[in-house]
Each structure stands twice: as C-alpha cells, then as structure tokens.
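Colleague: Using this note's numbering, the letters of the sequence shown correspond one by one to residues 146 to 297.
Just so you know, these hints were derived from the structure itself, not from any lab. Careful: at least some of the hints might be erroneous.
[Stated by the list, open to error] Computed cross-link-like contacts, EDC-like style, restricted to lysine to aspartate or glutamate with a CA-CA straight-line distance of at most 16 Å:
id, residue 1, residue 2
1, K168, E178
2, K191, D222
3, K196, E158
4, K196, D222
5, K191, D169
6, K168, E158
7, K196, E186
8, K196, D169
[As the list claims (entries may be wrong)] Simulated DEER-style distance windows between Cβ atoms:
id, residue 1, residue 2, range
9, D282, Q218, 55 to 61 Å
10, Q153, D237, 43 to 49 Å
11, D233, D172, 55 to 61 Å
12, P279, D222, 48 to 54 Å
13, A223, S177, 38 to 44 Å
14, M276, R198, 19 to 25 Å
15, M276, S162, 21 to 27 Å
16, M146, E236, 20 to 26 Å
17, R289, Q150, 53 to 59 Å
18, R289, E236, 31 to 37 Å
19, P292, Q153, 48 to 54 Å
The beta carbon of each residue, even a glycine, is placed where N, CA and C say it ideally should be.
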Amino acid sequence: MLSEQRRQSILGEVQRSGQVRTKDLSDGFGVSEVTVRSDLEILDRKGLLTKTRGGAVTRTTDSTTAAFARRMQTNLDAKKRIARAALDLFEDNQSVIFDGGSTLMQVAMQLPPLSNVVVAATAMNIVQHLMHRPGLDVHMIGGRVYPDTVST
146 MLSEQRRQSI LGEVQRSGQV RTKDLSDGFG VSEVTVRSDL EILDRKGLLT KTRGGAVTRT
206 TDSTTAAFAR RMQTNLDAKK RIARAALDLF EDNQSVIFDG GSTLMQVAMQ LPPLSNVVVA
266 ATAMNIVQHL MHRPGLDVHM IGGRVYPDTV ST
C-alpha cells in the first residue's frame, strides 16, 4: 500500500470512529509505529485530524473550515481562470448576487475596485471579504445556514 493510500485509510477510520490508536494502525497496516506517527503528523499539519498522544482524533471544530480550504485548493488554476474571465462582466453602478462556493470566492478575491455596486451574497466568507471594500454596498442574504458551504 502506498503512503498516500494509507493516509486516506487512516483518515477514513478517524472519520468513522472518531479516534484511532497508533498501535492499532501499525498492526493493521503492517508498518512501524514510527511510520504511523509520521502519517498522523502529516494529516495533522493538513488540518485533517488532531494528533494526540498514542493516536489521533477527528478535528470537529475545524472540519468545515478544513473542507472548504481543501475545496479552495482543488482545481485552483481553473478557478482563477474562471474568476479572471468573470471579472470582465463587472461594472460600476450595478447590482451583483454572489452564491456560495470556492470559485465565487476566487471572483470576490480578484474583484477590481468598483464604484456604487450593490452586492448581495449568500456566503459569509464572501461577505467578510467584500464588506470593507470601498465602492461596494454589501448585503447578506438570510436563511438557513449550511455549514458545509458556509452559506445560506
């Protein structure tokens, strides 16, 4: 089994059971405990779990943030290209609606200076990114909040 496959299996087990023990993983994969600790350290640095003494546990408090961060990095170059193409559609004195999503977050991050633009958004992270920009009147669209997308 390749190291990346092993790490994915470890992550799956942590997500299923909430915790794993280094010794159990070592026995199960037929690798040393040093190897398992190294895998857990890598997964911890990526924010996918929390390494503990003798094992690891799920990272519940950051799970939504970590998932969105992973989506932000997935196909990043394509998202940036889409965002650059979309920027040509923005003009002064208009109203714009942003839905949630990592591609639209890229659009928000690259938005050029504009004047007298009303922005309505369902995504809290997009609102937070745009709310202090001069020339924008930013509104949050209400409703039920969906934790996976951090939007309404």
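Colleague: Give a verdict on every hint.
Modeller: These are the hints, each one checked on the structure:
1. With a CA separation close to 6 Å, the supplied pair K168 and E178 stays within the 16 Å bound.
2. Simply put, K191 and D222 have alpha-carbon atoms about 20 Å apart, too far for the 16 Å limit, and the pair is violated.
3. For a cut-off of 16 Å, the pair hint linking K196 to E158 stands: about 14 Å separates their Cα positions.
4. With a CA separation close to 31 Å, the supplied pair K196 and D222 exceeds the 16 Å bound.
5. Of the supplied pair hints, the one linking K191 and D169 is violated, its CA atoms being roughly 22 Å apart against a limit of 16 Å.
6. Note on K168 and E158: the hinted pairing holds, with a Cα-Cα distance of about 14 Å set against a maximum of 16 Å.
7. A threshold of 16 Å between alpha carbons decides the hint, and for K196 with E186 the separation of about 7 Å falls inside it, so the pair holds.
8. A hinted pair counts as satisfied when its Cα atoms are at most 16 Å apart, and K196 with D169 qualifies at roughly 15 Å.
9. One distance hint, 55 to 61 Å for the beta-carbon pair D282 and Q218, is violated here, with the actual separation near 31 Å.
10. Under the hint 43 to 49 Å, the C-beta atoms of Q153 and D237, about 48 Å apart, fit the expected range.
11. Remark: the range hint 55 to 61 Å for D233 to D172 is upheld by a beta-carbon distance near 57 Å.
12. As the Cβ distance of P279 to D222 is approximately 29 Å, the hint placing it in 48 to 54 Å is violated.
13. One distance hint, 38 to 44 Å for the beta-carbon pair A223 and S177, holds here, with the actual separation near 39 Å.
14. Taking the beta carbon of each, M276 and R198 are about 42 Å apart, not inside 19 to 25 Å as hinted.
15. Taking the beta carbon of each, M276 and S162 are about 40 Å apart, not inside 21 to 27 Å as hinted.
16. A hinted range of 20 to 26 Å is violated for the C-beta pair M146 and E236, which are about 54 Å apart.
17. Between R289 and Q150 the C-beta distance comes to about 37 Å, which lies outside the given range of 53 to 59 Å.
18. As the Cβ distance of R289 to E236 is approximately 32 Å, the hint placing it in 31 to 37 Å holds.
19. For P292 and Q153, the Cβ-Cβ distance of about 23 Å falls outside the hinted range of 48 to 54 Å, so the restraint is violated.
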